[in-house]
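Each chain, written out:
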Amino acid sequence: MQHYSDEEIVALFKDESSRNMALHYLIQKYQQKLYWHIRKIVISHDDTDDVLQNTFIRIWKGLAGFKEESLLFTWLYRIATNESLTFLKRKAKENTTSIHPIEYQLSKSLESDVFFNGDEIQLKLQKAILSLPEKQRIVFNMRYYDEMPYEQISEVLGTSVGGLKASYHIAAKKIEDFLVSH
Amino acid sequence: MEDRGNNMNDDSNLFFDKKRNSFDLPINYFSEFENRLGLKISLNEELKSYPMLSSIRKENIYSIPDNYFDNLLQNIKSNIHYTKEIELSFFDMIIKVLFGKQVAFAFGLFFVIGLSIYFFKSPKTNINYSECKTLACLEKNEILNNNQFITNFDDDELIDLVDLQQLNENIDVSADHIDNSNMASDTTEKEHF
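If you read the sequences in order, they're chains A and B.
In terms of numbering that gives the first Met the number 0, the first sequence opens at residue 0 and continues consecutively.
In terms of numbering that gives the first Met the number 0, the second sequence opens at residue 0 and continues consecutively.
These are computed hints drawn from the structure, not numbers from a lab.
Being a predicted model, the structure only gives us computed values, none of them experimental.
A hint or two may mislead.
[Said to hold, decoys possible] Lysine-lysine pairs mimicking DSBU-like chemistry, simulated, CA-CA at most 35 angstroms apart:
1. K60(A) with K28(A)
2. K173(A) with K83(B)
3. K66(A) with K39(B)
4. K173(A) with K107(A)
5. K88(A) with K57(B)
6. K90(A) with K100(B)
7. K107(A) with K126(A)
8. K90(A) with K126(A)
9. K32(A) with K123(A)
10. K57(B) with K107(A)
11. K164(A) with K83(B)
12. K92(A) with K28(A)
13. K57(B) with K134(A)
14. K28(A) with K39(B)
15. K92(A) with K123(A)
16. K123(A) with K39(B)
17. K164(A) with K92(A)
18. K32(A) with K57(B)
19. K39(B) with K164(A)
20. K60(A) with K47(B)
21. K39(B) with K172(A)
22. K28(A) with K100(B)
23. K57(B) with K76(B)
24. K92(A) with K57(B)
25. K76(B) with K28(A)
26. K47(B) with K123(A)
27. K76(B) with K66(A)
28. K107(A) with K100(B)
29. K134(A) with K47(B)
30. K100(B) with K88(A)
31. K57(B) with K164(A)
32. K92(A) with K76(B)
33. K66(A) with K83(B)
34. K13(A) with K100(B)
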């Protein structure tokens with residue numbers, strides 16, 4: 000498959016005649032990255048599938064007006080993060096029967112998830128990550144798993160680099176404590 | 000020597016033409032390599048303070064259904080197509096509502112009601128009756144204020160509305176005028192004879 004740069008994809012998308020082709024390249028290029036980013040936030044595969052499709056629909060609607068002030072990659076991540084957080088909030092609102100917070104419910108669903116292949120220590124790590132507050136959890140995932148530079152995370156989440164570094168270290172410390180104590 | 004050098008150049012071109020690199024690389028792979036290496040080192044440095052966490056192997060612990068990404072593209076495309084259809088049908092619905100027969104009828108009805116309310120509530124000319132000195136003025140006012148009013152007047156009421164003093168003065172003036180003209184005609188007749 001031909002490789003297109005982000006700038007080329009955006010230029011193709013802005014031309015109405017090549018819009019479908021641009022969408023095709025965009026999905027091919029970013030579907031996996033965005034899938035795994037969303038999956039780490041919403042955990043279940045089915046939910047991830049819903050959120051990912053909504054994310055691409057939003058991208059489709061907004062890409063023609065994309066001003067290229069930020070990188071396409073960070074813009075896509077921002078949309079995916081917002082969609083995931085909106086989904087979790089909606090899910091928490093809908094599930095009025097449970098007295099537990101959404102993080103606890105996610106942790107429980109992980110144990111019964113057929114698409115979870117981790118061993119005991121991996122499950123413990125995931126539970127530790129899910130015990131973090133929402134923002135810290137996203138920062139930790141983006142740094143630890145996606146290995147993103149702080150500058151990029153800062154563009155996605157709109158937080159200062161200093162704040163992100165502090166947030167990541169607090170999250171890592173909490174996870175370490177969780178792993179030692181459990 | 001020159002010939003030999005030329006031959007060597009020809010040979011090397013031939014060599015590269017025949018053994019062209021058939022592998023592909025991601026865009027900017029080498030230009031970004033240094034940055035990626037630096038990032039990897041700093042990530043490892045950060046985790047040194049957390050021995051338990053750094054001892055866990057980083058691996059993808061989630062799986063996905065078979066051929067999920069193969070079908071995803073088509074699913075997203077059909078979803079986008081469906082969204083566009085919904086948006087279009089929503090737009091059509093608005094057009095139908097805006098330009099439909101019912102709306103045209105309702106608009107007409109509101110227009111008529113609005114016009115009626117406007118004329119019903121428009122300020123009426125209030126005339127002070129005491130300022131009205133003549134019957135002509137009264138008639139005009141009555142027409143403006145109430146058409147039925149004048150038709151209900153009897154003779155006495157009409158007389159009450161007449162300014163008698165003015166009328167008498169007018170009668171006196173006209174009587175004097177008649178007398179004077181009679182006198183004048185008498186003298187002219189006498190002069191004739």
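Structure-based check of each hint:
Restraint check for K60(A) and K28(A): satisfied, since their Cα atoms lie roughly 18 angstroms apart, inside the 35 angstroms limit. Simply put, K173(A) and K83(B) have alpha-carbon atoms about 46 angstroms apart, too far for the 35 angstroms limit, and the pair is violated. The suggested pairing of K66(A) with K39(B) holds, with an alpha-carbon distance near 31 angstroms, which does not exceed 35 angstroms. Between K173(A) and K107(A), the direct Cα distance comes to roughly 19 angstroms. Compliance with the 35 angstroms bound is thereby established for this hinted pair.
For the hint linking K88(A) to K57(B), the alpha-carbon distance of about 29 angstroms falls within 35 angstroms, and the restraint holds. As the CA atoms of K90(A) and K100(B) are separated by approximately 43 angstroms, the hinted pair breaks the 35 angstroms bound. At most 35 angstroms may separate the alpha-carbon atoms for a hinted pair to count; K107(A) and K126(A) meet this at roughly 9 angstroms. Pair hint K90(A) plus K126(A) holds up; C-alpha atoms about 19 angstroms apart against a cutoff of 35 angstroms.
Distance hint between K32(A) and K123(A) is fulfilled; the C-alpha atoms sit about 24 angstroms from each other, no more than 35 angstroms. A hinted pair counts as satisfied when its Cα atoms are at most 35 angstroms apart, and K57(B) with K107(A) qualifies at roughly 22 angstroms. As the CA atoms of K164(A) and K83(B) are separated by approximately 42 angstroms, the hinted pair breaks the 35 angstroms bound. For the hint pairing K92(A) with K28(A), the CA-to-CA distance comes to about 34 angstroms; that is within 35 angstroms, so the pair holds.
Distance restraint check for K57(B) and K134(A): the Cα-Cα separation of roughly 21 angstroms lies within the 35 angstroms cut-off, and the hinted pair is therefore satisfied. A C-alpha spacing of about 23 angstroms is found between K28(A) and K39(B), which places the hinted pair at or below 35 angstroms, so the restraint holds. Simply put, K92(A) and K123(A) have alpha-carbon atoms about 27 angstroms apart, close enough for the 35 angstroms limit, and the pair holds. For the hint linking K123(A) to K39(B), the alpha-carbon distance of about 24 angstroms falls within 35 angstroms, and the restraint holds.
Our distance criterion of 35 angstroms between C-alpha atoms is met by K164(A) and K92(A), whose separation comes to about 31 angstroms. About 16 angstroms separates the Cα atoms of K32(A) and K57(B), which keeps this hinted pair within 35 angstroms; it holds. For the proposed pair K39(B) and K164(A), the alpha carbon gap of about 16 angstroms is at most 35 angstroms, so the pair holds. Restraint check for K60(A) and K47(B): not satisfied, since their Cα atoms lie roughly 44 angstroms apart, outside the 35 angstroms limit.
Among the hinted pairs, K39(B) with K172(A) is consistent with the structure: their alpha-carbon atoms are about 20 angstroms apart, no more than 35 angstroms. The straight-line distance between the Cα atoms of K28(A) and K100(B) is roughly 50 angstroms, outside the 35 angstroms bound, and the hint therefore fails. Restraint check for K57(B) and K76(B): satisfied, since their Cα atoms lie roughly 33 angstroms apart, inside the 35 angstroms limit. Between the alpha carbons of K92(A) and K57(B) the distance comes to roughly 33 angstroms, so the proposed pair stays at or under 35 angstroms and holds.
Among the hinted pairs, K76(B) with K28(A) is consistent with the structure: their alpha-carbon atoms are about 15 angstroms apart, no more than 35 angstroms. Restraint check for K47(B) and K123(A): the C-alpha separation of about 20 angstroms stays at or below 35 angstroms, so the hint holds. Under the criterion of a C-alpha separation no larger than 35 angstroms, the hint pairing K76(B) with K66(A) is consistent with the structure, at around 24 angstroms. Restraint check: the Cα-Cα separation between K107(A) and K100(B) comes to about 57 angstroms, which exceeds 35 angstroms; the hinted pair is violated.
A distance of roughly 23 angstroms separates the Cα atoms of K134(A) and K47(B); the hinted pair therefore holds under the 35 angstroms criterion. For the proposed pair K100(B) and K88(A), the alpha carbon gap of about 43 angstroms is over 35 angstroms, so the pair is violated. For the proposed pair K57(B) and K164(A), the alpha carbon gap of about 20 angstroms is at most 35 angstroms, so the pair holds. About 30 angstroms separates the Cα atoms of K92(A) and K76(B), which keeps this hinted pair within 35 angstroms; it holds.
At roughly 23 angstroms between alpha-carbon atoms, K66(A) and K83(B) fall within 35 angstroms of each other, so this suggested pair holds. For the hint pairing K13(A) with K100(B), the CA-to-CA distance comes to about 39 angstroms; that exceeds 35 angstroms, so the pair is violated.
In the structure shown, a violation is registered for the earlier hints numbered 2, 6, 11, 20, 22, 28, 30 and 34, in ascending order.
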